[in-house]
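The lines below spell out each chain.
Protein chains: 2
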Amino acid sequence: MPALRFEVLATDPNSAARRGRLTTPHGVIETPVFMPVGTQATVKTLSPHEVWDLGARIILSNTYHLYLRPGADLIREAGGLHRFMAWPGSILTDSGGFQVFSLAELRKITEEGVQFRSHLDGSSHFLSPETAIQVQNALGADIIMCFDECTPWPVEYEYAKASMERTARWAARCKAAHARPDDQALFGIVQGSTYADLRRESAARTVELDFPGYAVGGLSVGEPKALMHEMLEITVPLLPPDRPRYLMGVGSPEDLIEGVWRGIDMFDCVLPTRIARHGTVFTRRGKLSVRSAAFARDWEPIEPGCDCYACRHFSRAYIRHLFKAEEMLGLRLASLHNLRFLLRLMEEVRQALETGTFAEYRRAFYAEWGQGSDEGNTVPEPADPANR
Amino acid sequence: MPALRFEVLATDPNSAARRGRLTTPHGVIETPVFMPVGTQATVKTLSPHEVWDLGARIILSNTYHLYLRPGADLIREAGGLHRFMAWPGSILTDSGGFQVFSLAELRKITEEGVQFRSHLDGSSHFLSPETAIQVQNALGADIIMCFDECTPWPVEYEYAKASMERTARWAARCKAAHARPDDQALFGIVQGSTYADLRRESAARTVELDFPGYAVGGLSVGEPKALMHEMLEITVPLLPPDRPRYLMGVGSPEDLIEGVWRGIDMFDCVLPTRIARHGTVFTRRGKLSVRSAAFARDWEPIEPGCDCYACRHFSRAYIRHLFKAEEMLGLRLASLHNLRFLLRLMEEVRQALETGTFAEYRRAFYAEWGQGSDEGNTVPEPADPANR
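First to last, the protein sequences are chains P and L.
Just so you know, we're using my numbering here: the first sequence kicks off at 1 and counts up by one.
Just so you know, we're using my numbering here: the second sequence kicks off at 1 and counts up by one.
Because the hints were derived from the structure by calculation, they are not lab data.
Treat the hints with care, as some may be off.
If you only want the chain P side, here are some residues facing chain L, beta carbon under 8 Å, derived [what the hints assert, rightly or not]: (1) Ala41; (2) Met85; (3) Ser124; (4) Phe126; (5) Tyr159; (6) Leu227; (7) His229; (8) Trp299; (9) Glu300; (10) Ser315; (11) Met328.
Each pair of labels, with its calculated beta carbon distance range [said to hold, decoys possible]: (12) P:Gly79 - L:Asp307: 15 to 25 Å; (13) P:Asp307 - L:Tyr366: 25 to 35 Å; (14) L:Ala172 - P:Gln371: 52 to 62 Å; (15) P:Gln371 - L:Glu347: 48 to 58 Å.
In this text, a Cβ means the ideal position worked out from N, Cα and C, and glycines have one as well.
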């Protein structure tokens with residue numbers, strides 16, 4: 001039996017969007033889906049059961065971080081990542097490529113792989129397609145990823161082409177190295193930066209290897225939104241319709257809506273939990289800073305009508321107090337709210353796809369979004385690219 | 001109807017211990033009871049519903065901190081502290097005296113009250129018996145405390161005597177200033193340092209004022225345990241048996257057992273949550289540091305058989321990983337465990353008192369306690385006395 005089953009339950013009459021269902025050894029995932037990120041075997045500030053209660057059924061964890069600490073052998077000995085962190089649902093691990101390539105001066109790339117120094121202690125390590133898969137086999141996630149290079153943006157055409165070709169060669173090596181295909185589904189990754197012909201070639205070369213799912217990588221790395229959309233419109237139609245499609249490292253509420261519109265089934269991003277820890281929360285009208293003095297005596301919840309734990313029990317004034325007083329419960333409440341916001345958005349998107357009303361849903365979303373945005377409160381840039 | 005009802009349900013044949021029941025406007029509290037501390041309107045790292053699920057029915061919150069931030073008016077406007085922090089149970093607030101007197105160079109004492117500077121921004125404030133009660137009336141806790149001086153240890157007899165006499169005069173002013181006796185029970189506080197005659201005089205002068213409950217203050221401030229026990233043995237018999245007795249700022253598992261033995265009904269301390277945030281956890285055999293390298297591959301829970309969330313789901317190895325990786329879930333799990341440890345200890349103490357077996361329970365506790373103590377891991381000293 002394959003490690004992954006994917007069914008398309010409905011397609012949208014007005015877009016490339018589809019409503020689907022993924023089945024992994026750890027359960028059923030309704031798509032389109034947003035995957036919360038648990039970098040170090042924990043979704044920051046939250047317990048696994050809280051994440052489950054938010055409605056998440058799959059989370060992402062980072063191979064680079066877990067490889068360095070506590071180490072893949074230790075997690076294998078624990079019975080795998082699910083058991084180690086007591087997560088009852090499914091897990092997807094990235095390959096470590098994104099973080100390793102982000103280390104800049106700390107890494108050296110060859111055809112064989114990447115030599116790099118740990119951001120924790122400077123110790124020297126080597127990740128190759130084979131070792132990245134070995135580590136992911138030890139971690140035991142339901143979905144694992146090929147070791148690729150996520151090129152920065154902008155990047156020279158020649159570099160993007162050479163990198164994309166290496167990523168394609170590495171994909172073949174990853175597939176050959178994969179020791180647990182019956183337990184873990186290995187996804188291929190399409191690269192090619194924002195060059196249309198490279199995207200097409202990358203899609204063709206990756207699909208040729210016949211993976212159970214495909215990711216679109218190298219987007220949402222600083223390029224204009226229009227270019228991201230164009231690349232999706234070029235790439236997605238070249239991917240087999242019976243396989244899940246995953247847009248890596250995305251994103252914001254708008255990016256999720258636009259990704260689904262263009263045929264994406266899966267998303268992940270640290271955005272909701274990272275901005276939460278800075279006191280920024282999502283509402284249907286835009287982002288707000290709960291630290292704002294305007295909320296000092298605001299007895300409304302973050303978002304009236306929201307069904308999250310924070311909104312059911314606490315006022316903006318209380319949450320503002322927690323942030324001012326540097327109390328951890330504030331970070332927890334904002335994290336719960338932001339994750340619930342995106343998970344609920346995706347619930348609604350799935351419902352709209354079931355009833356053939358996604359175009360109307362998208363219009364209604366934009367009619368509200370940004371109306372109450374707190375302009376002074378821009379999303380903080382990631383401080384450390386290795387920590388995306 | 002009085003704000004507080006107290007019934008003694010059983011007394012111990014071998015000691016001064018008693019099994020009781022407190023009823024406040026916010027519910028029933030079985031005694032002897034340990035009250036978790038929520039200094040800034042939150043028990044650090046935990047949600048109020050987690051604290052409730054641990055079995056806590058009353059928590060302590062600090063007037064000094066809430067007076068400075070977010071301010072008593074704001075909390076009154078929120079509908080009181082219970083509603084502000086969404087705590088479904090009872091609350092006791094201290095008077096702010098302990099913190100204000102701890103400020104050392106930042107405060108000046110007169111008969112009228114204490115002039116002090118905020119540890120947050122250096123701003124100047126004045127707390128007197130009257131204002132301390134006004135603030136506590138605004139916060140709206142079920143049990144509030146007289147504004148007293150908790151003398152440091154050791155302290156000169158003359159200072160201790162003058163301070164105790166001032167505390168007694170202030171107690172009368174507190175009682176006169178109390179504007180909500182039907183909603184909030186005001187407790188008197190016995191001081192007198194470790195001088196037997198001063199303790200006796202303080203008890204007599206405080207009891208004369210006829211409070212619905214009495215606290216023993218000024219202990220567990222550095223004096224030898226034997227002196228603390230002696231002071232309890234002198235003080236408690238002078239307090240009316242039909243009123244609850246509260247030993248302030250105590251304590252450790254042994255201190256709870258010994259306090260109950262000497263007739264104490266209520267305890268509070270930051271110890272369990274503070275040491276948790278340093279990675280130190282209670283077990284029946286003593287304290288352990290979950291950061292210890294010995295636990296890197298230890299797949300047992302913190303304490304086998306413990307019914308807390310941390311012990312039901314996570315290994316020592318995982319919790320150690322969380323501490324090493326500086327993930328907040330580690331602080332949460334250790335805090336949950338330590339609070340549950342003390343709350344469960346008190347559940348067992350109450351059961352032993354009901355069955356007349358407290359002496360045996362105490363012997364069995366000591367037979368185990370300290371057997372597996374992690375000697376290298378002493379409890380960290382409070383960094384900031386204002387934060388006890």
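(request) Run the structure past the numbered hints and jot down the numbers of the failing ones, going up. (result) 3, 4, 5, 6, 7, 9 and 13
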